[in-house]
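Kindly produce the complete structure, drawing on both the sequences and the hints.
Line by line, the protein sequences are chains A and B.
Under the numbering used here, the residues of the first sequence are numbered 47 to 339, in order.
Under the numbering used here, the residues of the second sequence are numbered 3 to 289, in order.
Simulated from the structure, these hints should not be mistaken for laboratory data.
All of these numbers come straight from a predicted model, not from anything done at the bench.
For every residue, glycine included, the Cβ atom is placed at its ideal position computed from N, Cα and C.
One or more of the hints may lead you astray.
Stated by the list, open to error - Computed footprint of chain A on chain B; a stretch qualifies when at least three of its residues, placed anywhere within it, have a C-beta under 8 Å from a C-beta of chain A: (1) 76-84; (2) 97-104; (3) 197-210; (4) 254-266.
Claimed, not checked - List time: in silico DSSO-like cross-link candidates among lysine-lysine, alpha-carbon distance up to 27 Å: (5) B:K148 <-> B:K271; (6) A:K133 <-> A:K231; (7) B:K148 <-> A:K134; (8) B:K148 <-> A:K133; (9) A:K134 <-> A:K231; (10) A:K221 <-> A:K134.
To be verified - Chain B side only, calculated, beta carbon under 10 Å to chain A, not exhaustive: (11) A87; (12) G89; (13) G92; (14) G247; (15) I248; (16) I250.
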Amino acid sequence: MLLLQQLINGLMQGSIYALVAIGYSLVFGVLNLLNMAHGEVFMIAGFVGLLLILALDLPIYLAIPAAMAAAALLGVIIELLCFRPIKKEFHLAPVVSTIAFGTVLVSLTVNFIGSEPQVFPAHVNIGDFSVGGILISGTELLMFAIAITLMVLLTFMLEKTKTGRAMRAMAENEKAAQILGVNVKRIIITTFAISAALAGIAGILVGLRFGVISPFVGATIGLKALAVMVIGGLGNIYGAMVAGLLLGMLEAATVVIPGLSPYVDAVIWGFLVFVLLFKPNGLLGTRVQAERV
Amino acid sequence: MTESVFIFAGINIILAISLYITLSTGQISLGHGAFMAIGAYMASVMTVKWGFNLPLAIVAAAIMAGIVGVAVGFPALRVKGIYLAIGTLGLGEVVQVFFHNFKYTGGASGISGMSGTTLYLVWFMVALTILFAWQLTHSRIGWAFKAVHEDEVAAQSMGLNITYLKVTAFGVSAAIAGIAGALYSHYIFFIDPHAFGYHTSLLILFYVIFGGAQTFWGAALGALVLTLLPELIRGMQEWRLTFYGILIMAMMVLRPQGLISHDTINWIKDFFSKKSLPKTKATEEAG
Numbered sequence: 047m048l049l050l051q052q053l054i055n056g057l058m059q060g061s062i063y064a065l066v067a068i069g070y071s072l073v074f075g076v077l078n079l080l081n082m083a084h085g086e087v088f089m090i091a092g093f094v095g096l097l098l099i100l101a102l103d104l105p106i107y108l109a110i111p112a113a114m115a116a117a118a119l120l121g122v123i124i125e126l127l128c129f130r131p132i133k134k135e136f137h138l139a140p141v142v143s144t145i146a147f148g149t150v151l152v153s154l155t156v157n158f159i160g161s162e163p164q165v166f167p168a169h170v171n172i173g174d175f176s177v178g179g180i181l182i183s184g185t186e187l188l189m190f191a192i193a194i195t196l197m198v199l200l201t202f203m204l205e206k207t208k209t210g211r212a213m214r215a216m217a218e219n220e221k222a223a224q225i226l227g228v229n230v231k232r233i234i235i236t237t238f239a240i241s242a243a244l245a246g247i248a249g250i251l252v253g254l255r256f257g258v259i260s261p262f263v264g265a266t267i268g269l270k271a272l273a274v275m276v277i278g279g280l281g282n283i284y285g286a287m288v289a290g291l292l293l294g295m296l297e298a299a300t301v302v303i304p305g306l307s308p309y310v311d312a313v314i315w316g317f318l319v320f321v322l323l324f325k326p327n328g329l330l331g332t333r334v335q336a337e338r339v
Numbered sequence: 003m004t005e006s007v008f009i010f011a012g013i014n015i016i017l018a019i020s021l022y023i024t025l026s027t028g029q030i031s032l033g034h035g036a037f038m039a040i041g042a043y044m045a046s047v048m049t050v051k052w053g054f055n056l057p058l059a060i061v062a063a064a065i066m067a068g069i070v071g072v073a074v075g076f077p078a079l080r081v082k083g084i085y086l087a088i089g090t091l092g093l094g095e096v097v098q099v100f101f102h103n104f105k106y107t108g109g110a111s112g113i114s115g116m117s118g119t120t121l122y123l124v125w126f127m128v129a130l131t132i133l134f135a136w137q138l139t140h141s142r143i144g145w146a147f148k149a150v151h152e153d154e155v156a157a158q159s160m161g162l163n164i165t166y167l168k169v170t171a172f173g174v175s176a177a178i179a180g181i182a183g184a185l186y187s188h189y190i191f192f193i194d195p196h197a198f199g200y201h202t203s204l205l206i207l208f209y210v211i212f213g214g215a216q217t218f219w220g221a222a223l224g225a226l227v228l229t230l231l232p233e234l235i236r237g238m239q240e241w242r243l244t245f246y247g248i249l250i251m252a253m254m255v256l257r258p259q260g261l262i263s264h265d266t267i268n269w270i271k272d273f274f275s276k277k278s279l280p281k282t283k284a285t286e287e288a289g
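Written as structure tokens, this is what we have:
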């Protein structure tokens, strides 16, 4: 029973990893760029959500889209500051630039708000309920439902819509896509906005679930999601989904194994190193996209 | 400016040169804080718990970090680019969690009581590191590193042993980071696992990228400038990371190769050779 409970908890935690990892994966898959500030977008969105709830007393169903919009805007800013102006022949430069931008976002947050985690007010929390002896947190269930819905919507968007097709075309070959009439600049901006919006909703959901949001959450959950993306296979969105859910459950299972619980923060990273040893391109990764850096 | 600034500048120069050596084989590491941690803990255990003197502890720190570096170098052979960057980041996190739970070195509460680092010792080690880096880059192995960086397949087909070169680079780099860790822990008297996390690894990367990753002079200069510059501006301390971040972002747009590149070094060489040598017909033709 305990294990089942833990697996359900893990699945819900994993849905957040998956949501953030998909954001990394989308940008990497379509544009072959690694946005290392993605975890910080996640963190900022959490704070924007909290600020709106506290200052304007916004109900949660309005705060979530607002946080998503703020995150999407931040995503566009990252594209304009860290990717667009940098010469193509310096492959390492955009990665370093986004790392630097992430550092700026964290230090600004620390300087203006403080390094202490900020508390979400109790009234936005959703009650818990139990099914057959298994306790399910309402917030976690909401989080899980939203994450799964967004994953389905994103899959639909990529497979069926014109924008999605253009994105997949760019993932295959940017030049060819451009020749065939894809508006590359528009697609790049859209990709960044969608990727960041996904991080945004994850940020506010994590804030709700833990009741607090810390300026350093990007360096914990954000980086773990990065590992999840790599484990799933760079740029592979389905890989990110599967790996996210899997690793959430793996983490939750670790907690109940005696003696292993202090090492829970190393589980994902240990697993990453392990996977890279045997499958250097990740579980579902096929193309070698990493050559360039 | 106080003595401590120059001590940290020296330690950061050693760290930057250490990371430069891994980068010079085309391997990017986001986990150099881990090697620093291993050196720092090894040296601290040597002096505080086992009663050895600091010079011996520094040697032991270098050896221990070097061994771990070699151990990491082998699996790192199989992964490249972003996979390697994230893999080393993961290694850094795992090492941090290890020290967090390792009771012998105090776990989360860390270890204290070290002392003995002086300005002279630090800059002596900086001089040694620069001398070593100079020797390395002007040796056969240094050229081989460059060849691996430029084109691995071509280097291999010329008969270079890629495995040996890449693992050596990781090992040597880790050993040097271990030395920096030993100096650091014996200057600030107290270390805990948090001192060597992701942010420490990032700062080392910033030094190298800012100064220029093409030559070790760039890495050293980057560390020196980024350590001294915030000290010149009053009240900079809490804005330091914001400042670093914006500086690096601007650098990536304006001069992605960093402050010093190969071209800069060649320009300086030309400048001095033109000034010092009288112009003869031969030099004019050659130039």
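Against the structure, the hints come out as follows:
| no. | hint | result |
| --- | --- | --- |
| 1 | 76-84 | holds (count 6) |
| 2 | 97-104 | holds (count 4) |
| 3 | 197-210 | holds (count 6) |
| 4 | 254-266 | holds (count 4) |
| 5 | B:K148 <-> B:K271 | holds, 20 Å |
| 6 | A:K133 <-> A:K231 | holds, 15 Å |
| 7 | B:K148 <-> A:K134 | holds, 22 Å |
| 8 | B:K148 <-> A:K133 | holds, 23 Å |
| 9 | A:K134 <-> A:K231 | holds, 15 Å |
| 10 | A:K221 <-> A:K134 | holds, 14 Å |
| 11 | A87 | holds, 7 Å |
| 12 | G89 | holds, 5 Å |
| 13 | G92 | holds, 4 Å |
| 14 | G247 | holds, 3 Å |
| 15 | I248 | holds, 6 Å |
| 16 | I250 | holds, 4 Å |
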